[in-house]
Amino acid sequence: MSVAVEEIESPPATEQEDQPSAVGWNPFTRLAFRFTFLYLGLFCVLYPQVVFVFTGWFGSWLDPDAVLWQGRVLRPVLEWTGRTVFGIHPVLSSNGSGDQAILWVLVFCVLVVALAGTSVWSVLDRRRRDYRRLAGWFLVFLRLCLAGQMLKYGFAKIVPTQMPEPSLSTLLTPYGDLAPMSVLWNQVGTSPAYEMLLGAAELLAGVLLLVPRTATVGAMLAVVSMAQVFVLNMTFDVPVKILSGHLLLISMALLAPQARRLFDVLVLDRPVGRSTAPYPFRTRRSRLIAGLVQAGIGVWVAVALAHVSTQLWDSGSGRPKPPLYGIWAVEEFTRDGQSVPPLLTDAERWQRVVFDYPGVMQYQRTDGTLVPTAAEIDTGAHRLALAAAPQHAGAQPVPLGEFAYEQQRPDVLRFTGELAGHPVTVSFRRQDPDAFPQRSHGFRWVQNAPGQ
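Numbering (the numbering used here), first residue to last: 2 to 453.
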């Protein structure tokens, strides 16, 4: 009779739970989960990049007006905390830095809330044996957040736009004048193949994370990738330390339920049973549907990121070059009718000028300093107007000089006009950018001496 009852009440084989039962968690595991759930959950939701990647075609990665950061909810709290606790006035700027003071204040607030919340939660829910169902949903959430970021940075490298090729002005900048981040960016940008391989690793990790059966391998690859990124950000002072550090923590959190099995396989080299990691979908059908939904989310994000990356690539590699594009070395500089020698004490005498981007000209002083100016070129009248950059935000550019130019040959240029109130005539000769060692040294199998 009991057998008949069991047969009636049991679901079909295709609907039976496909997840092994597990014993209750120990107190430390329950405490660690509560804190991890609150801290990483709040960080993913509040940090202005992580969840916004899923908005796809409508997203913006560091927009001060994005959702929680616009208006009167989050920013006033962070600004008040900054003033009251740290004595600063933090402001969020759309300058690409992920380590701004207001974001460190955010991390502090998330940490305080997580610690307080963990304490209250532990007291009110002290009799619960485990949080397997909640942990299953939370791990899926973390996995999707991490996958989105791995896809984002993977596409930014596999379509090499994150670290572009060194600009013309960079070729003229002494190594010692480059900031550590510029050294890293130009080192990677010099070798697009290397950058694309880095992106391929991050992209593969993102794809593996989106498939439940390969999520563990994806998390392992993400740990290796993000550990390298975090170390580089720390040692080269790249302002993405907060995000890269937390992505590394998320990768480790995803591997935590598998830690014992991974230790048994990788260290002890012994067979292991099926995974008991929490997963909210318990039947074969629900797992299939959930897997398809996660793959669909991945396709949505991947297509949007690929679109953005290719647009950036087209705008960078296919951007219009200014009419006088190139590096022009000064052969003769005449001011007030007198030839001006290239003395280091003369701050107004030019050594070179660089035209690399539309609307911009950089001139290099005799001491090597590169100074950017706004350049308006009239190709019809062959005239060039220069304006110095404003000293502070909101100020108007200061007129610097105006010239008539003539280009007798592709490699010869001449300016005639007025510079800083003095009549000047400047003769230039074009320098070949590909003659610089960074561009002239290609790949070689045979090298009889290093660096040659």
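In case anyone wonders, no lab produced these hints; they're calculated from the structure.
Computed from a predicted structure; not experimentally measured.
Careful, some of the hints might be misleading.
Straight-line Cα separation of at most 25 Å, SDA-like style, residue types lysine to any residue; simulated pairs [claimed, not checked]:
#	residue 1	residue 2
1	K322	E166
2	K242	P165
3	K242	H383
4	K322	G88
5	K242	G88
6	K242	F142
These are the hints, each one checked on the structure:
1. Between K322 and E166 the alpha-carbon distance is near 15 Å, which keeps this suggested pair within the 25 Å criterion.
2. Proximity of K242 to P165 is assessed by CA-CA distance (about 21 Å); at most 25 Å being required, the pair is judged to hold.
3. Between K242 and H383 the alpha-carbon distance is near 48 Å, which puts this suggested pair outside the 25 Å criterion.
4. A distance of roughly 47 Å separates the Cα atoms of K322 and G88; the hinted pair therefore is violated under the 25 Å criterion.
5. Note on K242 and G88: the hinted pairing holds, with a Cα-Cα distance of about 22 Å set against a maximum of 25 Å.
6. Proposed proximity of K242 and F142 is supported: the alpha carbons are some 22 Å apart, at most 25 Å.
In terms of the numbered hints stated before, the structure departs from hints 3, 4, listed from lowest to highest.
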